[in-house]
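J.: One-letter residues, chain by chain:
There are 2 protein chains.
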Amino acid sequence: MAAVRVGLLGCGVVGTEVVRQLQLHAGDLAQRVGAELELVGIAVRRPNRVRDLDVDPALFTTDAAALVTKNLDVVIEVIGGIEPARTLLLSAMEHGASVVTANKALLAEDGATLYSAADKHGVDLYYEAAVAGAIPLLRPLRESLVGDKVRRVLGIVNGTTNFILSRMDVSGASFTDALEEATALGYAEADPSADVEGFDAAAKAAILASLAFHSRVTAADVHREGITEVTAADVARAREMNSVIKLLAICELSEDESRIGVRVHPAMIPRSHPLAGVGDAFNAVFVEADAAGPVMFYGRGAGGAPTASAVLGDLVAVSRHRVGGGRGPGESSYAQLPVRPMGENLTRYHISLDVAEKPGVLAGVATVFAEHGVSIQTVRQEGHSDDATLVIVTHRATDAALAATVEELRRTDVVRSVASVMRVEGAEQSR
Amino acid sequence: MAAVRVGLLGCGVVGTEVVRQLQLHAGDLAQRVGAELELVGIAVRRPNRVRDLDVDPALFTTDAAALVTKNLDVVIEVIGGIEPARTLLLSAMEHGASVVTANKALLAEDGATLYSAADKHGVDLYYEAAVAGAIPLLRPLRESLVGDKVRRVLGIVNGTTNFILSRMDVSGASFTDALEEATALGYAEADPSADVEGFDAAAKAAILASLAFHSRVTAADVHREGITEVTAADVARAREMNSVIKLLAICELSEDESRIGVRVHPAMIPRSHPLAGVGDAFNAVFVEADAAGPVMFYGRGAGGAPTASAVLGDLVAVSRHRVGGGRGPGESSYAQLPVRPMGENLTRYHISLDVAEKPGVLAGVATVFAEHGVSIQTVRQEGHSDDATLVIVTHRATDAALAATVEELRRTDVVRSVASVMRVEGAEQSR
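Chains as they are written, first to last, in the working numbering: chain A, 1 to 431; chain B, 1 to 431.
Because the hints were derived from the structure by calculation, they are not lab data. There's no promise every hint is true.
DEER-style ranges, computed between Cβ atoms [said to hold, decoys possible]:
hint: 1; chain 1: A; residue 1: E344; chain 2: B; residue 2: G326; range: 48 to 58 Å
hint: 2; chain 1: A; residue 1: A2; chain 2: B; residue 2: G80; range: 56 to 66 Å
hint: 3; chain 1: A; residue 1: R239; chain 2: B; residue 2: G81; range: 33 to 43 Å
hint: 4; chain 1: B; residue 1: D280; chain 2: A; residue 2: P47; range: 30 to 40 Å
hint: 5; chain 1: A; residue 1: E257; chain 2: B; residue 2: E344; range: 51 to 61 Å
hint: 6; chain 1: A; residue 1: R239; chain 2: B; residue 2: D280; range: 25 to 35 Å
hint: 7; chain 1: B; residue 1: G326; chain 2: A; residue 2: P47; range: 35 to 45 Å
From a predicted model like this one, the values you see are computed outputs, not experimental measurements. Glycine residues also receive a C-beta, built at the ideal position from the N, C-alpha and C atoms.
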C-alpha cells in the first residue's frame, strides 16, 4: 500500500506535538491505518525558529499555498484564525486532500463553505480537536448519537475560565487574582479576552449546536457573556445555594422542536450536578438525548498533547478512508432550525436585592415579578432593618421577562439596589 | 436512492425500542443516512406475543435463518447469547449484510470469527450497544483515541452491581438486602448471577481490552471476581478510608508494553476519583492515554431506550456506508499482546486483621509483608487489648505476592484472623 501523504500547516505548540507523536507512534499508526503515514511538508512562518523536533529541515517551508497543492492525501491545519487558514484548506480540498483541523474559529464562522468544498471534492473534513481538545465529543455527536434526538448540550468547554472559576470557588479569590494565577501557570494567554469574554466558548457552542441539531449555527448566532463580571461575592452566594458558578455553553432544542437556543454565559449549577465537580482546566460536556438519557464526556480540553491526540485520531480515521475508500459523515444541516433570540430562551435567575426590611417591601418586590409573569421559586431574607438582602430564585421564564423584571427592580423605590443577578442551570435535570 | 433494507433479529425490550425509535424518527434518520430505512422483517420466537408496537404483523417471522438471506443491507441482532446469534450473523454477512449487534457475550467469546467474516465479505460489524449501553465508548476507542497510546481503561460497566454497591454505600445495607431492592426495582434479573458474579462485566472488559490494545482478548482471558462476597463491613471500612467500593473492569498495558492485564473485581477507590460519584445503575469508563491524558465517559449502561440509542447510532453509520460506499474500521489486533496471569498484575491491598494488642504483633505482621517483598503504605491500629484491628494498606505489588502475604497472615500466630481483604484502585492517578 502506498504511503498516505500528509502535509502540516502550522508548527506551534500543537503542531510540534503532532509531529512528535507521528514519529513516536509511526509503527502503530501504520498498522492502524494500513499504510505508512508520510509527513511531506510543514508550513511555518519562521522556518529557522528553534524547535524541539528531530525532523529533516528540508520539510519546513514558508510556502503553505504551494504545500497544499502537492498531491497530498491529508492536510492538517493547526494555524488557527480565519485567514489564511480558510484559503489554504479550500485549496487543499480542491487539490484532492482530506482535511483535519483544530480551527474552531473558522468552523464556527464559515463551516458551511468548508463542508460544501469537502462535498464537492469528495474529501473528508474532520475537526475533533476544535472542541474540548482530547475529549472524544464531536464524533460521538456526529455518529454515536445520530440515531437519537438530542435535546440539550450543556458544556464546560473553556479550560481557562474553568480554572479561574474553580480557583475563585476554592480560595474565594477575586476574578483579577484568579486570572493572574491562571496567567502565571500558563492557563491564560497574555491577552485573555478570547477566553474570559467567552468568544472561544461561543465558537465551540456554535459547532456543538450545528452537530447536535443538524442545522447551521455560526458564532454570530450565539448569545455570549464572559466571566469578567463574576465577583467573589457571586461565588460566595452560589456557595450558599450549594451551587458553583461555571461558564456554560448551552445548546437546546425548543419544546416545540422548531428552534434552537445557543448561548454562553456564567451560571450557577448545583454541586450535585456532574458538571459541578469538573475542576481546574478540565472540560466536560453533558448531553441529554431522548433515548440515551444523560451522557457526559470529560477530559482535558486544551494543551499541545491532548489536542494532538484528537488530531491524530482524526488523521487515522481520514487516512483509513484514503486507504480503504469511502468517506466519513459530511455536513448534516437538513433540519435548518433557526436560532431563537436570547430573550426567548427559558432561563432561571438568582437575584440578590439590597432592601430595607420594612412592611410592604416583599409585597412590592413580588408584585414586580408577578407583573412580568415570572414565578418565584424561593425567597430568603438575610440581615435586618436597613441592611437586609432579599435572595430570590425564580422558576423558568423567558430571559426577556427576567431581564425586564430586573430592570424594573432597579427602578423600584422599595429596592435600594440590585446586588447581583446570575442565571441558574442544571437544577431541573436528574443525574 | 434506494431504501436501506434492515432486518431485526429479536424483539424483546431492546428490539421493541429499536422498532419504536425507527418509526418515531423515520424522517430524521432518512435525512441523516441519505436514504429511507426500510424494516424488512423481524425474527422472533413467539410471533403472536402481544407487543406494544404498531407494525404490520406480516413483518414478524420465526424463520430468522431465512430472514438474513433476504438481500438485506443491515442486520440488527438483539437476541443475545452465542447461538443461534453467531450462525445467523455469519450467514447475514455471507449474504452481504452489514451487522449491528448488542451481543457482548458473542463478541467476547468469538469476536475474531465475526471480524474475519466481516472482512471476508466486505461488510461492517458495529457493536456500540454491547458495552455501556448508550454511552458512546467503543467508537471513541476505535476511532477518536486511535492516534494515541491507551495505558489503562478503568470502568464501571455493570449497572446492576453498581446499583447494589451504591445502595450498600448509601444505606449500609447488606449485599442480600441491596440485591433484593435491585430485583424489586427491575435493576436485577431473576437470576442475577451473570451480573453479581461479574460475567457480564468480564465480557465487556474483554471487548474494551481488545479495542484499547489492538489485541484479541476473550472473556476466558479475564480474571473475574463478583460482588457476592462484599459485606456491609467492607463498605463501612471503605467509608473510613474516604473510599467507596465499585465493581471495576480494569484493562491495562504492562509497563514494558509487552502484555496486558484484564480483570474484573470489586475494589476501593477514593471518593475524589471521578468514578466514585457514579451512582445508581449508571456506568462510566475512565480511559488514560499518553497524549490525551484522562478521559471519562458517563451515562446509562443498560435499559431498552439507551441500548436502542446505541443500536440506532450504529445503524445510521453502517447505513451511510451502504449509501455512500466505504466501511468503518475493522478488527485491529495487530499488536497481539498476550494477557498476563492475574498473579502478575500490580495491585494494592487493603487488609484488616484481628489481632491482640501486645508487643511484637506489629513487628510480626510487618515481617510477613517484608518477606513477600510487599511494602506497606499505612498501618492503623483500632481498639486495644484483646480486641484490636490492624488496618493495612499496601503499596503496589504483584497480586501473587499480595495473595501469598495474606495466606501467610492467615497461618501466623500473631494474627487471630484476616477480617477482610479488598483491592485498592485509582489512588495513584491524578484527576
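J.: Does each hint hold? Answer for all of them.
T.: Structure-based check of each hint:
Between E344/A and G326/B the Cβ separation comes to about 41 Å, which falls outside the hinted range of 48 to 58 Å. Separated by about 43 Å at the C-beta atoms, A2/A and G80/B break the suggested range of 56 to 66 Å. The hinted window of 33 to 43 Å between R239/A and G81/B is violated, with their beta carbons roughly 52 Å apart. Look at D280/B against P47/A: about 56 Å separates their beta carbons, and that is not inside 30 to 40 Å.
A hinted range of 51 to 61 Å for the beta carbons of E257/A and E344/B is consistent with their spacing of about 55 Å. The hinted range of 25 to 35 Å is satisfied by R239/A and D280/B, whose Cβ atoms lie roughly 26 Å apart. The hinted window of 35 to 45 Å between G326/B and P47/A holds, with their beta carbons roughly 37 Å apart.
In summary, the structure is inconsistent with hints 1, 2, 3, 4 from the numbered list given earlier, while agreeing with the others.
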